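Visitor: Join the two chains into one complex using the hints; note that each chain is given alone, in its own frame.
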Amino acid sequence: GAGVSQSPRYKVAKRGQDVALRCDPISGHVSLFWYQQALGQGPEFLTYFQNEAQLDKSGLPSDRFFAERPEGSVSTLKIQRTQQEDSAVYLCASSLRDRGQLSEQFFGPGTRLTVL
Amino acid sequence: QQQVKQSPQSLIVQKGGISIINCAYENTAFDYFPWYQQFPGKGPALLIAIRPDVSEKKEGRFTISFNKSAKQFSLHIMDSQPGDSATYFCAAYIYNFNKFYFGSGTKLNVKP
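Here the protein sequences line up with chains V and C, keeping their order. Count the first sequence with my numbering and you get residues 966 to 1081, in order. Count the second sequence with my numbering and you get residues 39 to 150, in order.
Hints were generated in silico from the structure; no laboratory data involved. Note that this is a predicted model, so its numbers are computed, not measured. Just so you know, not all the hints are guaranteed correct.
As the list claims (entries may be wrong) - Derived pair list, reagent style SDA-like, types lysine to any residue, alpha-carbon separation capped at 25 Å:
| hint | chain 1 | residue 1 | chain 2 | residue 2 |
| --- | --- | --- | --- | --- |
| 1 | C | K80 | V | R1062 |
| 2 | C | K80 | V | A1003 |
| 3 | C | K137 | V | A985 |
| 4 | C | K80 | V | D1028 |
| 5 | V | K1022 | V | S972 |
| 6 | V | K1043 | V | L1067 |
| 7 | V | K1043 | V | F1030 |
| 8 | C | K149 | V | Q1006 |
So that you can see chain C by itself, here it is in the shape it has in the complex (with noise of 0.2 Å):
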């Protein structure tokens, strides 16, 4: 059973768009939610992480939307550049645990 879906699995936007990858989750337990970025090759990276307490963080483009009753978190690339290229995953850890549940990741191309 798949703790953290994610959708869509690619997704084309042309430069300068918004790009939005959503998750959502079932076990209340969780207390962090980061989004990692993974270029081919290369292992995860984190990108921006929110807590469960907060409904937005934003850096720079980048912007996690997080709605706690719905159980769904959003990240928002704003004016995406090909740079921004890559796979991204949502991810959801817990504490006590120390153990980070991925969604399956998203195929981001952004077109020049």
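In isolation and in its complexed conformation, chain V is listed as follows (with noise of 0.2 Å):
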């Protein structure tokens, strides 16, 4: 079976546009994360859904920012105006079982987001 995949993997924008990053979690899997990785730093946690519902979006840093899973699979991160600090690699993960049970974490590849 695949992994986690995500596209595009590269996506250059320029300021004050829109973008919109997509993720496919691993069949089945119950949750899926978002990170933003800055360059030479850990991942940060975004946001979490568990199923469709997305029960933690303490991390994203503003109002430009807002995901959705509406079928309980695939994730879009959605980036509204966006600026030069947004530039970053957006990582997302998913796993298959939900909170207070622990199971593997697994990342995709990320999409690396340049904003000129």
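Guide: The following block contains the structure:
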């Protein structure tokens, strides 16, 4: 079976443009996470879904960031009016189980966003 | 405020040597401590993990040492190989929130 996939792998946007980043988790995985990874840094939590429910969005840096997972599988992270400080790698991860039940988190390859 | 502090930022080791990476945390609510390995252009991949009721876990050449009282844990890579050259992240997890906190990473370079 395929792992977590993300598209596009690279995205260049002009400042002020809106972007949409897609994540296809492993089939059947309940939990889905989005992280932001700045250059030379560790992943920083953005938001978490349990199926289609967004249970934690405390890491979203501003109201320009929006994530959805309408059918409990594919997820989209949208960034409106992009700024240069949004430049980073955006990682998606999924895991089989829900909170309180630890299971391995599988990461996608990430989308590298560059805002000019 | 960074929940997990990792050091060193970079590390150069000769082939066959021991690589040691350290992490520290403050929040006693953490109840699982994984290490991830990341190669350029790839997402992090789980390498080894430990629960806080265990002081050491070994898997092949990789060992985690955990000191609960000091709130510190470390990754030891024995007989380091050039193929181990990657960035390593420690992390801490809270079950009830299903949330991971990552260290800032250590870039390991194993010289042939």
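Visitor: Can you list which hints this structure breaks, lowest number first?
Guide: 4 and 6
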